[in-house]
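**Student:** Given next are the chains, with one letter for each unit.
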Amino acid sequence: MRRYEMMVILDPALEERTIQPSLDQFLTVVTTAGGSVDKVDIWGRRRLAYEIDKKSEGIYTVIDLVAEPDTVKELDRQLNLNEAVLRTKILRPDQH
Amino acid sequence: MAKPPIRKPKKKVCLFCQEKVARVDYKDTGTLRKFISDRGKIRARRVSGNCTRHQRDVATAIKNAREMALLPYTSTAR
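So the sequence lines, in the order shown, correspond to chains S and Y. Just so we're aligned: the first sequence equals residues 1 to 96 in our numbering. Just so we're aligned: the second sequence equals residues 1 to 78 in our numbering.
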């Protein structure tokens with residue numbers, strides 16, 4: 001099990017209150033595989049430094065989690081399939 | 001003949017060593033912005049005054065931040 005920090009940029013067209021439930025849905029992959037989600041931090045709407053998919057804003061979220069490498073890979077794959085997700089980044093905080 | 005004055009540049013101390021920062025966070029755009037020019041380019045070590053290790057950490061952090069659109073790759077301001 002390793003610690004990961006994940007940043008997800010979501011479509012700004014999403015409503016604020018639907019963010020938490022939809023994130024939880026993604027994170028069930030982690031919890032069912034025996035990992036744990038430590039912290040979900042929703043930064044909210046923020047201007048992008050450059051346009052992504054013709055959008056100038058994005059909803060930033062930062063998630064701290066503990067999971068197996070394969071689980072995280074699967075989570076990242078599922079996030080990238082979803083159209084509401086503009087971009088993701090996964091880092092291991094102990095290595096950076 | 002006046003000799004050209006020998007410049008003694010003031011020795012800069014690495015900001016991160018001074019504050020004993022364990023890791024340079026790519027999410028901390030306020031700090032990282034000090035190390036990019038107004039064009040968005042990463043400042044050289046002789047300008048920023050960072051030590052070898054922290055300059056490398058700053059560079060990776062800036063690159064990570066750029067990927068997540070927290071910092072610009074280029075900015076045409078000016």
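Misleading hints may appear alongside valid ones.
What the hints assert, rightly or not - Below are the BS3-like pairs computed for lysine-lysine, each with C-alpha atoms no more than 30 angstroms apart in a straight line: (1) Y:K10 - S:K54; (2) Y:K8 - Y:K27; (3) Y:K20 - Y:K41; (4) Y:K3 - Y:K41; (5) Y:K27 - S:K73; (6) S:K89 - Y:K41; (7) S:K39 - Y:K10; (8) Y:K3 - Y:K27; (9) S:K54 - S:K73; (10) Y:K34 - Y:K3; (11) Y:K27 - Y:K12; (12) Y:K27 - S:K89; (13) Y:K10 - S:K73; (14) Y:K20 - Y:K34; (15) S:K54 - Y:K41; (16) S:K54 - S:K89; (17) S:K39 - S:K55; (18) S:K55 - Y:K11; (19) Y:K63 - S:K89; (20) S:K55 - Y:K20; (21) Y:K11 - Y:K41; (22) S:K55 - Y:K12; (23) Y:K63 - S:K54; (24) Y:K20 - S:K39; (25) Y:K11 - Y:K27; (26) Y:K34 - S:K89; (27) S:K55 - S:K89; (28) S:K39 - S:K89; (29) S:K39 - Y:K34; (30) S:K55 - Y:K27; (31) S:K89 - S:K73; (32) Y:K20 - Y:K3; (33) S:K54 - Y:K20; (34) Y:K63 - Y:K11; (35) S:K39 - S:K73; (36) S:K89 - Y:K8; (37) Y:K27 - S:K39; (38) Y:K12 - Y:K34; (39) Y:K41 - Y:K8; (40) Y:K41 - Y:K27.
What the hints contain is simulated information worked out from the structure, not anything from laboratory work.
**Student:** With reference to the structure, classify each hint as holding or not holding.
**Tutor:** Hints versus structure:
1. Under the criterion of a C-alpha separation no larger than 30 angstroms, the hint pairing K10 (chain Y) with K54 (chain S) is inconsistent with the structure, at around 46 angstroms.
2. Between the alpha carbons of K8 (chain Y) and K27 (chain Y) the distance comes to roughly 36 angstroms, so the proposed pair goes past 30 angstroms and is violated.
3. Restraint check for K20 (chain Y) and K41 (chain Y): the C-alpha separation of about 25 angstroms stays at or below 30 angstroms, so the hint holds.
4. With a C-alpha separation of about 36 angstroms, the suggested pairing of K3 (chain Y) with K41 (chain Y) is violated against the 30 angstroms cut-off.
5. Annotation: proposed proximity of K27 (chain Y) to K73 (chain S) holds, straight-line Cα distance about 22 angstroms (limit 30 angstroms).
6. Proposed proximity of K89 (chain S) and K41 (chain Y) is supported: the alpha carbons are some 22 angstroms apart, at most 30 angstroms.
7. The hinted pair formed by K39 (chain S) and K10 (chain Y) fails the criterion: a straight-line CA distance of about 44 angstroms is larger than 30 angstroms.
8. Distance restraint check for K3 (chain Y) and K27 (chain Y): the Cα-Cα separation of roughly 49 angstroms exceeds the 30 angstroms cut-off, and the hinted pair is therefore not satisfied.
9. Only pairs whose Cα atoms come within 30 angstroms are accepted, and K54 (chain S) paired with K73 (chain S) is accepted, the gap being roughly 27 angstroms.
10. Our distance criterion of 30 angstroms between C-alpha atoms is broken by K34 (chain Y) and K3 (chain Y), whose separation comes to about 36 angstroms.
11. Between the alpha carbons of K27 (chain Y) and K12 (chain Y) the distance comes to roughly 25 angstroms, so the proposed pair stays at or under 30 angstroms and holds.
12. With a C-alpha separation of about 12 angstroms, the suggested pairing of K27 (chain Y) with K89 (chain S) holds against the 30 angstroms cut-off.
13. Distance restraint check for K10 (chain Y) and K73 (chain S): the Cα-Cα separation of roughly 48 angstroms exceeds the 30 angstroms cut-off, and the hinted pair is therefore not satisfied.
14. With a C-alpha separation of about 17 angstroms, the suggested pairing of K20 (chain Y) with K34 (chain Y) holds against the 30 angstroms cut-off.
15. Among the hinted pairs, K54 (chain S) with K41 (chain Y) is consistent with the structure: their alpha-carbon atoms are about 24 angstroms apart, no more than 30 angstroms.
16. Distance restraint check for K54 (chain S) and K89 (chain S): the Cα-Cα separation of roughly 20 angstroms lies within the 30 angstroms cut-off, and the hinted pair is therefore satisfied.
17. A distance of roughly 27 angstroms separates the Cα atoms of K39 (chain S) and K55 (chain S); the hinted pair therefore holds under the 30 angstroms criterion.
18. In summary, the hint linking K55 (chain S) to K11 (chain Y) is not supported, as the alpha carbons are separated by about 44 angstroms, beyond the 30 angstroms threshold.
19. Of the pairs offered as hints, the one joining K63 (chain Y) and K89 (chain S) holds, with about 12 angstroms between alpha carbons and a cut-off of 30 angstroms not exceeded.
20. About 38 angstroms separates the Cα atoms of K55 (chain S) and K20 (chain Y), which puts this hinted pair outside 30 angstroms; it is violated.
21. Pair hint K11 (chain Y) plus K41 (chain Y) holds up; C-alpha atoms about 23 angstroms apart against a cutoff of 30 angstroms.
22. With a C-alpha separation of about 40 angstroms, the suggested pair K55 (chain S) and K12 (chain Y) falls outside the 30 angstroms cut-off, and the hint is violated.
23. Between K63 (chain Y) and K54 (chain S) the alpha-carbon distance is near 21 angstroms, which keeps this suggested pair within the 30 angstroms criterion.
24. Restraint check: the Cα-Cα separation between K20 (chain Y) and K39 (chain S) comes to about 25 angstroms, which is no more than 30 angstroms; the hinted pair holds.
25. Of the supplied pair hints, the one linking K11 (chain Y) and K27 (chain Y) holds, its CA atoms being roughly 29 angstroms apart against a limit of 30 angstroms.
26. Using a Cα cut-off of 30 angstroms, the hinted pair K34 (chain Y) and K89 (chain S) holds, with the two alpha carbons roughly 23 angstroms apart.
27. At roughly 18 angstroms between alpha-carbon atoms, K55 (chain S) and K89 (chain S) fall within 30 angstroms of each other, so this suggested pair holds.
28. Taking the CA atoms of K39 (chain S) and K89 (chain S), the gap is about 16 angstroms. The hint holds against a cut of 30 angstroms.
29. As the CA atoms of K39 (chain S) and K34 (chain Y) are separated by approximately 29 angstroms, the hinted pair is consistent with the 30 angstroms bound.
30. Distance hint between K55 (chain S) and K27 (chain Y) is fulfilled; the C-alpha atoms sit about 20 angstroms from each other, no more than 30 angstroms.
31. The suggested pairing of K89 (chain S) with K73 (chain S) holds, with an alpha-carbon distance near 11 angstroms, which does not exceed 30 angstroms.
32. The hinted pair formed by K20 (chain Y) and K3 (chain Y) fails the criterion: a straight-line CA distance of about 42 angstroms is larger than 30 angstroms.
33. At most 30 angstroms may separate the alpha-carbon atoms for a hinted pair to count; K54 (chain S) and K20 (chain Y) exceed this at roughly 40 angstroms.
34. Using a Cα cut-off of 30 angstroms, the hinted pair K63 (chain Y) and K11 (chain Y) holds, with the two alpha carbons roughly 27 angstroms apart.
35. A C-alpha spacing of about 19 angstroms is found between K39 (chain S) and K73 (chain S), which places the hinted pair at or below 30 angstroms, so the restraint holds.
36. Annotation: proposed proximity of K89 (chain S) to K8 (chain Y) is violated, straight-line Cα distance about 44 angstroms (limit 30 angstroms).
37. For the given pair, K27 (chain Y) sits about 16 angstroms from K39 (chain S) by alpha-carbon distance, which is consistent with the 30 angstroms threshold.
38. Of the pairs offered as hints, the one joining K12 (chain Y) and K34 (chain Y) holds, with about 15 angstroms between alpha carbons and a cut-off of 30 angstroms not exceeded.
39. Between K41 (chain Y) and K8 (chain Y) the CA atoms are separated by roughly 27 angstroms; this keeps the pair inside 30 angstroms, and the hint holds.
40. A C-alpha spacing of about 18 angstroms is found between K41 (chain Y) and K27 (chain Y), which places the hinted pair at or below 30 angstroms, so the restraint holds.
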